[in-house]
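Peer 1: For the first sequence, position 313 matches number 313 in the UniProt record's numbering, and the numbering has no gaps at all.
One or more hints might be untrue.
[To be verified] With a straight-line cut-off of 16 Å between C-alpha atoms, the simulated EDC-like cross-links for lysine to aspartate or glutamate are:
id : residue 1 : residue 2
1  : K690      : E704
2  : K293      : D584
3  : K417      : D188
4  : K470      : E400
5  : K410      : E400
These aren't lab readings, by the way, just hints derived from the structure by calculation.
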Amino acid sequence: MEISELSLDERLISVLKERGVRRLFPPQAEAVRAGIFEGRHVLLCTATASGKSLLAEVASVKTALEGGMALYAVPLKALAYEKLVHFSHYGNLVKVGVSTGDFDSDDRRLYEYDVVVVTYEKLDSLLRHRPGWLSSVKTVVIDEIHYLGDPKRGAVLESIIAKIKHLGLRAQFIGLSATVGNATEVADWLGARLVVSSWRPVPLREGVYYGGRIYFSDGSHRAVSASGDAEVALAVDVVAEGGQALVFTNSRSSTARLAKAIARAIAAYPTKLINVAETEALAEEILRVSSSKIIGRELAEVVARGVAFHNAGLELEVRRLVEDGFRRGVIKVVVSTTTLAAGVNLPARRVVIADYERFDPVVGREEIPVLEYKQMAGRAGRPGLDAVGEAVIVARSKNEVGYLMERYIKGQVENIKSHILLEPNLRTHVLGAVGGGYAGSIDELVEFFSNTLGYFQSKIAVKSAVLRSKIAAAVEKLAEWGFLERDGDYVYATELGRQVARLYLDPETAARYIDFIKSLKEGNTAAYLYIVLTAPDFPRVRRGRVDKRVVEEVLKALDVEEDEEFEDVVKTVAMLMAWIEEADEDVIFEKFEVAPGDLRVYIDLFDWLGNAAAKLAGIIGEEEHRRRLEVVTARVIYGVREELLELVTTLRGVGRVRARTLYNFGYRTVRDIARASIREIASLPGFGEKLAKSIIEQARQLVETS
DNA sequence: GCTAACTAGAGCAGGTGCTTTGCAC
DNA sequence: CCTGCTCTAGTTAGC
1 MEISELSLDE RLISVLKERG VRRLFPPQAE AVRAGIFEGR HVLLCTATAS GKSLLAEVAS
61 VKTALEGGMA LYAVPLKALA YEKLVHFSHY GNLVKVGVST GDFDSDDRRL YEYDVVVVTY
121 EKLDSLLRHR PGWLSSVKTV VIDEIHYLGD PKRGAVLESI IAKIKHLGLR AQFIGLSATV
181 GNATEVADWL GARLVVSSWR PVPLREGVYY GGRIYFSDGS HRAVSASGDA EVALAVDVVA
241 EGGQALVFTN SRSSTARLAK AIARAIAAYP TKLINVAETE ALAEEILRVS SSKIIGRELA
301 EVVARGVAFH NAGLELEVRR LVEDGFRRGV IKVVVSTTTL AAGVNLPARR VVIADYERFD
361 PVVGREEIPV LEYKQMAGRA GRPGLDAVGE AVIVARSKNE VGYLMERYIK GQVENIKSHI
421 LLEPNLRTHV LGAVGGGYAG SIDELVEFFS NTLGYFQSKI AVKSAVLRSK IAAAVEKLAE
481 WGFLERDGDY VYATELGRQV ARLYLDPETA ARYIDFIKSL KEGNTAAYLY IVLTAPDFPR
541 VRRGRVDKRV VEEVLKALDV EEDEEFEDVV KTVAMLMAWI EEADEDVIFE KFEVAPGDLR
601 VYIDLFDWLG NAAAKLAGII GEEEHRRRLE VVTARVIYGV REELLELVTT LRGVGRVRAR
661 TLYNFGYRTV RDIARASIRE IASLPGFGEK LAKSIIEQAR QLVETS
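Kindly generate the complete structure, drawing on both the sequences and the hints.
Peer 2: Dropping the structure here:
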């Protein structure tokens with residue numbers, strides 16, 4: 001099907017032509033025939049890079065040109081920014097905004113945009129606020145909709161869809177999914193036409209590696225020329241042929257270990273495989289950007305030889321450098337954990353799945369799902385660069401070869417199974433529905449939840465009675481916590497309940513926070529940190545000892561049992577104490593075995609949960625605790641003692657280190673800086689002329705306006 | 001015959017990722 | 001539950 005045959009706005013067609021799109025891929029054509037441009041609900045279940053997101057973009061732009069609004073929901077913040085860039089290709093045809101937890105085009109002004117890109121949770125949160133512009137939404141795109149099967153985030157997706165259905169919007173749903181077992185069922189639930197296709201722009205060969213050979217699914221096999229461990233051989237082999245490799249492993253430490261081994265092999269290879277000038281430039285940049293000297297050096301060392309590792313321990317900036325370096329072809333091999341499996345699109349000629357098992361704290365070793373294997377394998381083959389993509393699983397014994405072939409390569413992808421009717425998901429979304437005004441009685445809650453996939457999938461004859469009793473139990477629990485009130489069949493959210501829903505807190509966590517705050521005997525920093533950190537999905541540090549001083553402080557303020565959980569939390573408290581007492585980052589990384597990327601996660605989570613706890617304290621009338629929780633939270637966000645907060649919060653270009661320098665040299669307030677000369681500031685360590693000028697200007701402006 | 005260097009074996013630690021607030025007018 | 005690292009003891013090579 002040719003682009004020009006489509007009944008689309010001419011301006012849209014010419015943009016597509018400019019982008020080099022002439023004719024549609026087969027699955028795209030099928031989606032058009034299914035009515036994706038006529039406002040029909042469509043579920044697209046096709047391979048990565050088969051062009052499904054192009055269709056969703058075009059449908060969104062088309063809606064915009066017709067005066068409607070489109071919402072585009074993605075699972076990751078990184079994907080939201082990637083989407084924003086894609087939409088920028090449509091120039092001034094559409095105004096596109098982004099709304100995610102940490103970057104907002106001002107929420108109250110979202111109505112000014114034609115297309116709004118959001119993360120799932122952010123969209124759910126927006127829907128709880130019910131802004132007026134919702135009524136102009138005509139297209140809702142849900143990217144990676146197979147997340148419906150995720151134990152937690154799937155429930156968020158269901159809740160979003162149930163809310164939109166409840167609002168009665170005449171909006172078109174477009175679901176984009178990886179291949180799943182029960183696509184038909186999901187499409188039926190959505191009331192969508194299903195487009196399934198395994199067509200790919202670059203063909204894919206899948207195989208299993210053992211003993212120097214790749215055994216392909218078509219019965220053929222080939223020898224791998226390079227020697228060494230499986231991962232090393234497979235990577236070097238493809239690089240020697242001018243391709244790139246993406247290696248997936250199951251632990252952070254093995255990403256670094258394998259990257260080093262591969263880097264050694266590449267350096268020792270008889271012919272030159274990399275452009276040293278380029279790799280060394282990139283290595284230098286990584287060293288500069290990385291906030292940890294130790295990890296920065298470790299990564300830079302392999303990058304200089306054209307190899308990188310990639311995991312959530314790395315800061316986002318560093319990860320972006322690695323991804324970009326790989327895309328540009330400077331880096332030939334990336335060894336990664338699942339960070340790269342689901343995130344931004346980063347194809348390679350050969351994908352190596354080094355471990356098909358992963359550790360689970362309950363079960364022990366566990367095989368990864370077929371869906372996850374297919375997602376990784378789908379990364380093989382760069383359009384335009386590779387004639388064929390290759391996905392290879394590493395077998396550890398001869399008889400695993402056949403097993404892996406059946407289980408993964410020829411295996412059936414799992415079904416998507418809803419989790420929304422299970423606790424704690426159900427009560428979270430019950431509170432969300434009541435707090436957001438989507439239901440005001442048990443009956444209405446039953447109606448609301450009968451729009452979910454969970455209800456659609458329950459096969460019991462008396463399912464609505466079962467649903468009702470589950471909902472009643474959830475309401476009971478929420479009432480016990482003081483978030484809901486019952487009056488016969490009617491259900492109301494209390495002020496507290498509404499806030500918990502708006503803050504997007506797990507009700508159980510909120511209840512615990514409130515209990516703790518009420519029972520505080522005194523307010524001290526350690527105790528505030530302790531309370532916030534008790535949220536179950538807060539990560540815990542792995543190393544570090546139980547600091548006596550911290551334990552004492554916490555116990556002075558709170559009656560808690562000194563069990564194992566307590567110790568884990570206290571160790572994490574000690575880490576954050578070190579951070580807000582301005583310990584050197586590398587010292588923290590080493591002492592507590594946290595990586596730079598982890599620290600960012602702690603800070604982000606604390607930003608959200610610390611402020612939420614403060615707000616809860618305010619609602620229950622604990623003003624003093626509210627104020628002090630806010631201070632502690634601000635200190636965690638910036639990693640400083642209280643005395644530096646003024647400088648660090650008001651001046652751009654001043655972080656914890658520079659603020660400390662300024663303070664120690666006697667510039668303790670914005671006022672002090674406004675009075676200083678450029679020369680004085682520029683002579684301080686860590687400051688240059690340009691920076692000095694900028695902060696003095698900022699300071700003077702602040703002093704004037706106050 | 002001594003030292004240094006390497007190897008084998010036992011014992012033990014450790015083992016992914018990700019999202020979520022509200023601020024005026 | 002298994003891998004991979006560390007530590008130790010024992011062996012071997014070299015002078």
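Peer 1: Keeping to a limit of 16 Å between CA atoms, is the pair of K417 and D188 held or broken?
Peer 2: holds, 14 Å
Peer 1: Holds or violated: K293 with D584, Cα cutoff 16 Å?
Peer 2: holds, 11 Å
Peer 1: K470 and E400 were given as a pair; does the straight-line alpha-carbon distance stay at or below 16 Å?
Peer 2: Status violated; Cα separation ~44 Å.
Peer 1: Do the alpha carbons of K410 and E400 lie within 16 Å of each other, as the hint requires?
Peer 2: With a Cα-Cα distance of about 14 Å, the restraint between K410 and E400 holds, given a limit of 16 Å.
Peer 1: Please work out if K690 and E704 have their alpha carbons no farther apart than 16 Å.
Peer 2: Not satisfied, since the Cα-Cα distance of roughly 21 Å exceeds 16 Å.
Of the numbered hints given earlier, the model fails hints 1, 4; all others are met.
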